[in-house]
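Number of protein chains: 2
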Amino acid sequence: MRSHYCGALGTNNIDETVTLCGWVDRRRDHGGVIFLDLRDRDGIVQVVFDPDTEEHFQRADRVRPEYVLKVTGRVRARSEATVNSAMATGEIEVLGKELEILNSAATPPFQLDAHTTVGEDVRLKYRYMDLRRPEMQNRLILRAQITSAIRSFLDGAGFLDIETPILTRATPEGARDYLVPSRTHPGSFFALPQSPQLFKQLLMVSGFDRYYQVAKCFRDEDLRADRQPEFTQIDIETAFLDEDEIMSITERMIRELFQSVLSVELGDFPRMSYAEAMERYGSDKPDLRIPLELVSVDDLMQQVDFKVFRGPADDPDGRVAALKVPGGAKISRKEIDDYTKYVSIYGARGLAWIKVNDLAAGVEGLQSPILKFMPEAVVIEMMTRLQAQDGDIIFFGADKSAVVNESLGALRLKVAESMGLVAEGWAPLWVVDFPMFEDDGSGGWTPLHHPFTAPACSPEELQANPGTALSRAYDMVLNGTELGGGSVRIHQHEMQETVFRILGISDEEAQEKFGFLLDALQYGAPPHGGLAFGLDRLVMLMTGSQSIRDVIAFPKTQSAACVMTDAPGEVSAQQLRELNIRLRQAKQEAAAAAQDE
Amino acid sequence: MRSHYCGALGTNNIDETVTLCGWVDRRRDHGGVIFLDLRDRDGIVQVVFDPDTEEHFQRADRVRPEYVLKVTGRVRARSEATVNSAMATGEIEVLGKELEILNSAATPPFQLDAHTTVGEDVRLKYRYMDLRRPEMQNRLILRAQITSAIRSFLDGAGFLDIETPILTRATPEGARDYLVPSRTHPGSFFALPQSPQLFKQLLMVSGFDRYYQVAKCFRDEDLRADRQPEFTQIDIETAFLDEDEIMSITERMIRELFQSVLSVELGDFPRMSYAEAMERYGSDKPDLRIPLELVSVDDLMQQVDFKVFRGPADDPDGRVAALKVPGGAKISRKEIDDYTKYVSIYGARGLAWIKVNDLAAGVEGLQSPILKFMPEAVVIEMMTRLQAQDGDIIFFGADKSAVVNESLGALRLKVAESMGLVAEGWAPLWVVDFPMFEDDGSGGWTPLHHPFTAPACSPEELQANPGTALSRAYDMVLNGTELGGGSVRIHQHEMQETVFRILGISDEEAQEKFGFLLDALQYGAPPHGGLAFGLDRLVMLMTGSQSIRDVIAFPKTQSAACVMTDAPGEVSAQQLRELNIRLRQAKQEAAAAAQDE
Chain D
1 MRSHYCGALG
11 TNNIDETVTL
21 CGWVDRRRDH
31 GGVIFLDLRD
41 RDGIVQVVFD
51 PDTEEHFQRA
61 DRVRPEYVLK
71 VTGRVRARSE
81 ATVNSAMATG
91 EIEVLGKELE
101 ILNSAATPPF
111 QLDAHTTVGE
121 DVRLKYRYMD
131 LRRPEMQNRL
141 ILRAQITSAI
151 RSFLDGAGFL
161 DIETPILTRA
171 TPEGARDYLV
181 PSRTHPGSFF
191 ALPQSPQLFK
201 QLLMVSGFDR
211 YYQVAKCFRD
221 EDLRADRQPE
231 FTQIDIETAF
241 LDEDEIMSIT
251 ERMIRELFQS
261 VLSVELGDFP
271 RMSYAEAMER
281 YGSDKPDLRI
291 PLELVSVDDL
301 MQQVDFKVFR
311 GPADDPDGRV
321 AALKVPGGAK
331 ISRKEIDDYT
341 KYVSIYGARG
351 LAWIKVNDLA
361 AGVEGLQSPI
371 LKFMPEAVVI
381 EMMTRLQAQD
391 GDIIFFGADK
401 SAVVNESLGA
411 LRLKVAESMG
421 LVAEGWAPLW
431 VVDFPMFEDD
441 GSGGWTPLHH
451 PFTAPACSPE
461 ELQANPGTAL
471 SRAYDMVLNG
481 TELGGGSVRI
491 HQHEMQETVF
501 RILGISDEEA
511 QEKFGFLLDA
521 LQYGAPPHGG
531 LAFGLDRLVM
541 LMTGSQSIRD
551 VIAFPKTQSA
561 ACVMTDAPGE
571 VSAQQLRELN
581 IRLRQAKQEA
591 AAAAQDE
Chain Z
1 MRSHYCGALG
11 TNNIDETVTL
21 CGWVDRRRDH
31 GGVIFLDLRD
41 RDGIVQVVFD
51 PDTEEHFQRA
61 DRVRPEYVLK
71 VTGRVRARSE
81 ATVNSAMATG
91 EIEVLGKELE
101 ILNSAATPPF
111 QLDAHTTVGE
121 DVRLKYRYMD
131 LRRPEMQNRL
141 ILRAQITSAI
151 RSFLDGAGFL
161 DIETPILTRA
171 TPEGARDYLV
181 PSRTHPGSFF
191 ALPQSPQLFK
201 QLLMVSGFDR
211 YYQVAKCFRD
221 EDLRADRQPE
231 FTQIDIETAF
241 LDEDEIMSIT
251 ERMIRELFQS
261 VLSVELGDFP
271 RMSYAEAMER
281 YGSDKPDLRI
291 PLELVSVDDL
301 MQQVDFKVFR
311 GPADDPDGRV
321 AALKVPGGAK
331 ISRKEIDDYT
341 KYVSIYGARG
351 LAWIKVNDLA
361 AGVEGLQSPI
371 LKFMPEAVVI
381 EMMTRLQAQD
391 GDIIFFGADK
401 SAVVNESLGA
411 LRLKVAESMG
421 LVAEGWAPLW
431 VVDFPMFEDD
441 GSGGWTPLHH
451 PFTAPACSPE
461 ELQANPGTAL
471 SRAYDMVLNG
481 TELGGGSVRI
491 HQHEMQETVF
501 RILGISDEEA
511 QEKFGFLLDA
521 LQYGAPPHGG
531 LAFGLDRLVM
541 LMTGSQSIRD
551 VIAFPKTQSA
561 ACVMTDAPGE
571 VSAQQLRELN
581 IRLRQAKQEA
591 AAAAQDE
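As given, the protein sequences belong to chains D and Z, one line each in that order.
Residues in the first sequence are numbered from 1 upward in steps of one, following the UniProt record's numbering.
Residues in the second sequence are numbered from 1 upward in steps of one, following the UniProt record's numbering.
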């Protein structure tokens, strides 16, 4: 129907007759002339109808916002006075000759350019309207470009796009599964996959060598701001490649993606061990755009009597760390109180601080409630170690290492953001050398990744030192977000059994849960490994979106509902009967009970 | 780890030192030398170890089928006597220098080259082994190529890949939904989508203009041989294009797909009306490779007294049709009985036939139990109309038109196949001009497609003549298989209401089921339409596979189970409690009850 997209018109089209299709974004009358801003997915252009074209002018006079039009007219330059430099097509306009109203529109539930005046619930209910906003169009267009660029790269690198089942059985990620009652096997249930992990490993056992999939995954968890019950994963697995090769290919993929879609050069990604990331940033996904670091001062604090510091400093599982914030001396008492509350979310029982007002004056030039507990020499040595300068504030964490890392790591981000210390640009890195296991708090071990992750040592060494063994896992981190993670997998049966033994998973349990994978490892499994990227998060980063809901066409709310389609909904007694299930409590009772909890 | 894929080696690699990784396909000892056939996804190559390389020879001596090896060696030409022309790499072999056993393998549950000796259940249980077979590898590799080629085409044509939800609400296709109990909304259920139909229409209302998705769809139906509970659809929707433009783009897509993947030229697709397809082939998806046609003889049969023919000939809803099969006079009585049984599946109460033995002898030269019921002149005129020749058999159907079309349409395929009358090659076509509605058998109307299909007339005309109104739907048919179907959709509220009224769907029911779509049509819906291709069937056709299970990596059985992972499986009482459901009958009871039915 159309000859051009609205947004594609420019001065090189002047004097051409064009046909456009789109929506009325705005309509104005001015000096007996009607101005229509016509919008399509490519952009907006101004169309002018003057009374000469009587029939069409009259029609133009009837149109209202969001009417769907087909317009034919001639492109002409705007006069210098009317050029609109804020508009991509602002140097031209279309002098309308013919106008066909393809569809009318009721008054929209909200004005697109005033979407912030209504709540997100209204925008989600009328999602098809909200998606008309150019920002939303651009986000989903960029998402399609990103997916396409990734696919091209992987297709070109010999990866095969292979689909794995959605109706499957519980996978080992450990989050809560969505379940689907089976009609043909009454009393049994499918689970929706939390990831294609087991299937992709089986594909390697099958010899497909290089696999990828843009895979839907599902987790029935209580949702945080950046989570959705269904999310999309760029899922990759390879055989006969080691971790360096896998990291090299996928790093190249992300680098070329940023080049082609954003024209951004990411350069080579540095690698950092998990231990170093925790030590310096209190996080296994450090945001390297922030020039703040945690510095350990345990050795100094072993010299003080102050119990709050001395205890953790002497504790092998404890840590005392300092976070120096340049220019932070101006932070108010009120703000410090807020930060103290903030770190308490992460288990910190307080937030000690020292303001550096005048270093030349020695301890006299410092300001802090804790100075009185520390010998002057220790304080001075600490200032030297931290390379403190006038105007700094130094925060302290002293507790179990995990608490210190988590709370100071979070504080680092928070302070950097509110003080504008986050540099522009992109800071990617690999985090490597993760521990295989972590203490489960009751004398046992849980896997830091999943139980199929290969260790960087022999079964015997692993059995001997599970607490210090490192895995062959790797995470790709960008601007403080984990873009993707993966590992070389265990491909030998003996090693898999060792890991299960350390995790306290009995042979029966292992066989019951992953029997088919264990079987497969016996029939000639190749060395293999892979990685999965969270597509939604990648698109969020690349589009600068604050909410995951902004990069998904039809997202769920935080209570895992779709307010547009009213899903989930009621089903008939007949449907439940066919599935051999009944409700435990009627819907309203159950809802009331859930609210009471 | 490798320098080459096994199957990529040829005479141009002679004297190169290569490193290969793969599986031992076969192992032979001959004259003190060990021959290993090494297999990867690209093919198979012969590797020779002689006793010179002692350590590696000893290792080679230990390997068994399906061991995983890394081999380094020199490519050399085979002697003329040992060239194996049945093997793609049969002109060369690799003289092994080094061998590393990457993994051992237990004795496989079945030998790959003897997979037909075990049942499909065994192959499905050890799917990861069955997928190692070169035929299976090639099918899934071709599937990936097909998907990739389609995506490239659509990306290049400005289509945006947009994901729609899997956790959603019941869609209007009318098959049984898979349900997912909601934990956060106890008593409510998500449905898995039978197609993204409503979402893709909403994306058009949102202005995305051209959308596609390789979409997982779900139907909880009792499975036929070519169905799976989850299947994949190439889902396409466009705005501002009419049916000719949509058909033209998608036809080009399929044509380019066949060119690029199979090097096949399909040419321009003919178009045929639904009425003509039913008249000539008794099917809305005629296989044009078969040179047999149905010919109506109602007018002739109105001249006979034979009730079986005369009744349907006089009935406006009836039909008497003939199917002439050249060379069919040699079909035995036993075979005719089998065909009679076959057409009874489709409701035919018998299968009349005439064998043409000697046309020159007039009626005397014909052989049939029904000749005695028909005047000679009618028989002769019929022979002329059918252009009968000696050696033909003519089958007859006489009943309601629907029964005649279905039974003779099916017989046409059956006879053609068993007599080898199906031509080689590809016969695509479009079927168009479908009726909007069909009689629901109780005085009402049901949609031939879905209730969002636009009619080719005004709301007033549609209301006046629902039985004869045509729709703007179109199906793409290839070799008797419906590859895809679609339509221009209703984009105006008034038309949608008219259709619902004719279908007897009340305003409340419409609002309850599709309220969000009806709302959307009021806020400026553009003219739009689309089409969906069944990817699994397309891949079946393009790979020449007989079973849909051969083109899906991890398919379900006919009872909708996965024998490899044992899905569906049992879940815990705790999980059910969280979802506010309980089993109606315990699993074993329910299974017993289901078996009794």
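Treat each hint with caution, since some may be false.
Identical chains blur together in the list; that is why a pair holds if it fits in one copy or across any two.
[Claimed, not checked] With a cut-off of at most 25 Å between alpha-carbon atoms, the simulated SDA-like pairs for lysine to any residue come out as follows:
1) 70 x 134
2) 216 x 563
3) 97 x 219
4) 216 x 145
5) 587 x 176
6) 70 x 377
7) 414 x 389
8) 307 x 361
9) 216 x 569
10) 513 x 563
11) 513 x 583
12) 330 x 161
13) 216 x 176
14) 70 x 248
15) 216 x 152
16) 330 x 430
17) 341 x 48
18) 400 x 83
19) 355 x 482
It is worth saying that the hints were derived from the structure and are not from the lab.
Cross-check of the supplied hints:
1. 70 x 134: Within one copy, since 20 Å is at most 25 Å while 54 Å is not.
2. 216 x 563: Close inside one copy (21 Å) and across copies (22 Å); limit 25 Å.
3. 97 x 219: So residue 97 and residue 219 fail the 25 Å test inside a copy (54 Å) and across (50 Å) alike.
4. 216 x 145: both (18 Å within a copy, 21 Å between copies)
5. 587 x 176: both (22 Å within a copy, 22 Å between copies)
6. 70 x 377: Result: close neither inside a copy nor across copies, 80 Å intra and 62 Å inter.
7. 414 x 389: within (21 Å within a copy, 90 Å between copies)
8. 307 x 361: neither (27 Å within a copy, 120 Å between copies)
9. 216 x 569: both (22 Å within a copy, 21 Å between copies)
10. 513 x 563: between (36 Å within a copy, 14 Å between copies)
11. 513 x 583: Result: close only across copies, 22 Å inter versus 28 Å intra.
12. 330 x 161: Classified as neither; 55 Å inside a copy, 50 Å across copies.
13. 216 x 176: both (16 Å within a copy, 22 Å between copies)
14. 70 x 248: Between. Shortest inter-copy distance 22 Å satisfies the 25 Å Cα cut-off; intra-copy 50 Å does not.
15. 216 x 152: both (19 Å within a copy, 21 Å between copies)
16. 330 x 430: Result: close neither inside a copy nor across copies, 35 Å intra and 75 Å inter.
17. 341 x 48: Neither way: residue 341 and residue 48 sit 58 Å apart in one copy and 71 Å across, limit 25 Å.
18. 400 x 83: neither (63 Å within a copy, 70 Å between copies)
19. 355 x 482: neither (33 Å within a copy, 76 Å between copies)
Consistency note: the structure conflicts with the earlier hints numbered 3, 6, 8, 12, 16, 17, 18 and 19.
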